[in-house]
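Enquirer: Sequence:
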Amino acid sequence: MSAITVEPARRDVRVISLIGIAHGASHYYQLAFVTMLLIVRDSVGLSFEQIGALGAVFYGVSGFGQTVAGFAVDRFGARPILAGGLAALGLSLGLVSMAHSFWAFTAIAVLGGAGNSVFHPADFAILNASVKQNRLGRAFSIHGLGGSLGWAAAPVMYFLDNAMGQAGATLLGALPGLVLAVLVFAHKTDLVDHRVKARESAEAHGAVLALLSPFESGKACDDGNLSAGDCCDASCAASGRRSRSTFLTAARKAITVTLSDFLSSPSTVICGQSTSAPIPLRKMPRITTR
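Take 1170 as the starting number for the sequence shown in the numbering used here and just add one per residue.
Since the hints were derived computationally from the structure, they do not count as laboratory data.
Note that CB positions come from ideal geometry on N, CA and C, so glycine has one too.
There could be a bad hint or two in this list.
[As the list claims (entries may be wrong)] List time: in silico EDC-like cross-link candidates among lysine to aspartate or glutamate, alpha-carbon distance up to 16 Å:
{"no.": "1", "residue 1": "K1357", "residue 2": "D1211"}
{"no.": "2", "residue 1": "K1301", "residue 2": "E1218"}
{"no.": "3", "residue 1": "K1301", "residue 2": "D1359"}
{"no.": "4", "residue 1": "K1301", "residue 2": "D1181"}
[Claimed, not checked] Label pairs and their calculated CB-CB ranges:
{"no.": "5", "residue 1": "D1211", "residue 2": "W1272", "range": "12 to 20 Å"}
{"no.": "6", "residue 1": "G1306", "residue 2": "A1336", "range": "25 to 33 Å"}
{"no.": "7", "residue 1": "S1317", "residue 2": "V1237", "range": "20 to 28 Å"}
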């Protein structure tokens, strides 16, 4: 297998692995938040009804927030939005040990739900644009596997609480999200989305147009090889052939009139001697282009 074939495969493995782990972190924080609420329930005086309400707030914000997250991904790009979501989830879990009232936990649930809302829009945008088409099925399956493994990992919060206490458990549990946020934000080359692909395509078309001469770019527009949006002038596709044809017609007419004047005039200049009759001058036609 050549190096040219191996490198795209390795790049796909990096992208699929990182996005799969990030999705696993999303599911991990979903259950880790509720798990920590059960752990701190007695010390902060939360009832089971309040814990259920906090879970509903978390998932309600996460569900409705996905619509907003989709627009944000289209506007700002999937990679920074995904990194922000990971950081928000990690921070929300780290704050659990510092809250002592239902409304403080509600604010944490809103922060965590907002962070959790970005994953599907951002993950799918990155996978579709970064992974080769013949590996997308495997990419989506590993993405789903990561989420399930994240749910399975959430009960580790009980063991961390027994070993380190509530503050230590929440702070240590927050680290994966913060570390993954840095990793996702740093992988600018690997984690591309549809916005990056569109920009690269536009830059490539611009480079092609810069190499074309004015006549060649007009011909490309006329022949339909470039869309009107890719032409330097938006009207190039419609008027390129007409402008070039007008210029060539006027040029041929000017040359014909000049030769006719020279050959048919009774006075010519030969070797510095002129005949008696002056050469009549005709008004040259204006050469116009549109």
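Enquirer: Would you mind marking each hint as holding or not holding in the structure?
Expert: So, going through the hints one by one against the coordinates:
no.: 1; hint: K1357 <-> D1211; in the structure: violated, 45 Å
no.: 2; hint: K1301 <-> E1218; in the structure: violated, 47 Å
no.: 3; hint: K1301 <-> D1359; in the structure: holds, 12 Å
no.: 4; hint: K1301 <-> D1181; in the structure: holds, 7 Å
no.: 5; hint: D1211 <-> W1272: 12 to 20 Å; in the structure: holds, 19 Å
no.: 6; hint: G1306 <-> A1336: 25 to 33 Å; in the structure: violated, 43 Å
no.: 7; hint: S1317 <-> V1237: 20 to 28 Å; in the structure: holds, 26 Å
The structure is inconsistent with the numbered hints 1, 2, 6, although it conforms to all the rest.
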